[in-house]
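Chains as they are written, first to last, in our numbering: chain A, 75 to 171; chain B, 5 to 274.
These are computed hints drawn from the structure, not numbers from a lab.
Please note that the accuracy of each hint is not assured.
Taking lysine-lysine pairs in the DSS-like style, the calculated list, with each CA pair at most 27 Å apart, reads [unchecked claim]:
# : chain 1 : residue 1 : chain 2 : residue 2
1 : B       : K248      : B       : K265
2 : B       : K251      : B       : K215
3 : B       : K215      : B       : K248
4 : B       : K150      : B       : K257
5 : A       : K170      : B       : K248
6 : B       : K251      : A       : K170
Cβ-to-Cβ under 10 Å is the rule here; a few derived chain A residues that face chain B [said to hold, decoys possible]:
#  : residue
7  : E83
8  : G106
9  : Q148
10 : F163
11 : D164
Here the structure is a predicted model, which is why all the values come from computation and not from measurement.
C-beta atoms are modelled at their ideal positions from N, C-alpha and C, and glycine is treated no differently.
For reference, the chains in residue letters:
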Amino acid sequence: MTSPLIYVESCPICGDGLCRIRICVTNQRLTGLVLCDECEAMWTDPSMQERIESSSSETEPSCPTCNQSLWGEQSHWASIGEVCLLGWFDRVRIAKV
Amino acid sequence: MVSRKRTDSAINTLRMIPTKWAIVLVVLLIGYVLLQPRINQWLGWNLPSVASLVGDEKPTTKKEPKPTKEVVSKEKTSEKVSGNVAEKTSEKKSEVAQATTTKTANRTSDSGPKDSAPKNSAPKNSAPKDSAPKDSADDRIHGILKDLGRNRFESPEGLVYGPGSEEGHRLKHIERHLEDQPSRPGPHGVFDGDMKEFLVAIDRAFAMANKGAKGSSKKEDEGAVVYEATFEKPIGFLGGSDGKRRKNPALKKMRVVVRGKSVITAFPVQ
Chain A
75 MTSPLIYVES
85 CPICGDGLCR
95 IRICVTNQRL
105 TGLVLCDECE
115 AMWTDPSMQE
125 RIESSSSETE
135 PSCPTCNQSL
145 WGEQSHWASI
155 GEVCLLGWFD
165 RVRIAKV
Chain B
5 MVSRKRTDSA
15 INTLRMIPTK
25 WAIVLVVLLI
35 GYVLLQPRIN
45 QWLGWNLPSV
55 ASLVGDEKPT
65 TKKEPKPTKE
75 VVSKEKTSEK
85 VSGNVAEKTS
95 EKKSEVAQAT
105 TTKTANRTSD
115 SGPKDSAPKN
125 SAPKNSAPKD
135 SAPKDSADDR
145 IHGILKDLGR
155 NRFESPEGLV
165 YGPGSEEGHR
175 LKHIERHLED
185 QPSRPGPHGV
195 FDGDMKEFLV
205 AIDRAFAMAN
215 KGAKGSSKKE
225 DEGAVVYEAT
235 FEKPIGFLGG
245 SDGKRRKNPA
255 LKKMRVVVRG
265 KSVITAFPVQ
């Protein structure tokens, strides 16, 4: 079974990852950001102009809104609906994997 | 009909014998009836029963061969079944052994060049600590990683592999680079070797980049450090959709992304 893989572009930092839309939901508030699925570099939006900083002591990327791990249960890769909700649909590519 | 005639003739014979001898014969007959099965059982004889002598029942001697054949055939069947099970069990065991020690037997532990042919399978460990092969001598994971506790493992160069990533653990994350993902968009570096060889190569790349060896680099980026080192011979190939389009060229470089001492990811690059 194939599932859609939504991404912006290949990661300019590590060169091997895909910059994908990560969603974090806390207290019914949805936060969207761009996260490399390989090196975990983060950007605020698909324009990829603004990086989200993380300290070297952090071994996991954290949500800039709630500070929880982006690999936690409250977080997931965005669905097409969520990408539309964020207004980023025309900035992403969709691949069948 | 025949048995009734025989019984009548026996009664007529008894009538001709004096009463005293007839009683003795009847007692002996009853004794024989009672003791015949036990004598057969105790002494292993095959005395015929009275019923078979009279003709109402077929002698047991004619019955015996059939059950023996059945037993033999059953034994053969059970041997066949158990043989198949044994064969299948040994096959399964060897499969498990192969899965946990992928390619180790055919390769050296040196992190140097490997065959550049694409590889199709890699071990799928559910949890690094539970399923990764341990060196029985010093209990090291994948033969080189020292257990630091809390599911964290340290390499000889001091790199730490701990919980994290989408897969739940960095070892599981980097394991993705032991097999190709041809349908994945963009490039996907694939290491040509097993997990132990991969970990040794990552350590070597990290050490080379730290020493500033030829063809190596070290770049800091937002709290992470990206190490890169070039090996003398290919260590893997380019996979993913880019690799597929370019016919999976061989790769000599290794890139390692580290945050603090923790490995975030590592993979071969062009």
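Now for the hints, and whether the structure bears them out:
no.: 1; hint: B:K248 with B:K265; in the structure: violated (34 Å)
no.: 2; hint: B:K251 with B:K215; in the structure: violated (33 Å)
no.: 3; hint: B:K215 with B:K248; in the structure: violated (34 Å)
no.: 4; hint: B:K150 with B:K257; in the structure: holds (26 Å)
no.: 5; hint: A:K170 with B:K248; in the structure: holds (15 Å)
no.: 6; hint: B:K251 with A:K170; in the structure: holds (21 Å)
no.: 7; hint: E83; in the structure: holds (8 Å)
no.: 8; hint: G106; in the structure: violated (17 Å)
no.: 9; hint: Q148; in the structure: violated (14 Å)
no.: 10; hint: F163; in the structure: violated (17 Å)
no.: 11; hint: D164; in the structure: violated (18 Å)
The structure is inconsistent with the numbered hints 1, 2, 3, 8, 9, 10 and 11, although it conforms to all the rest.
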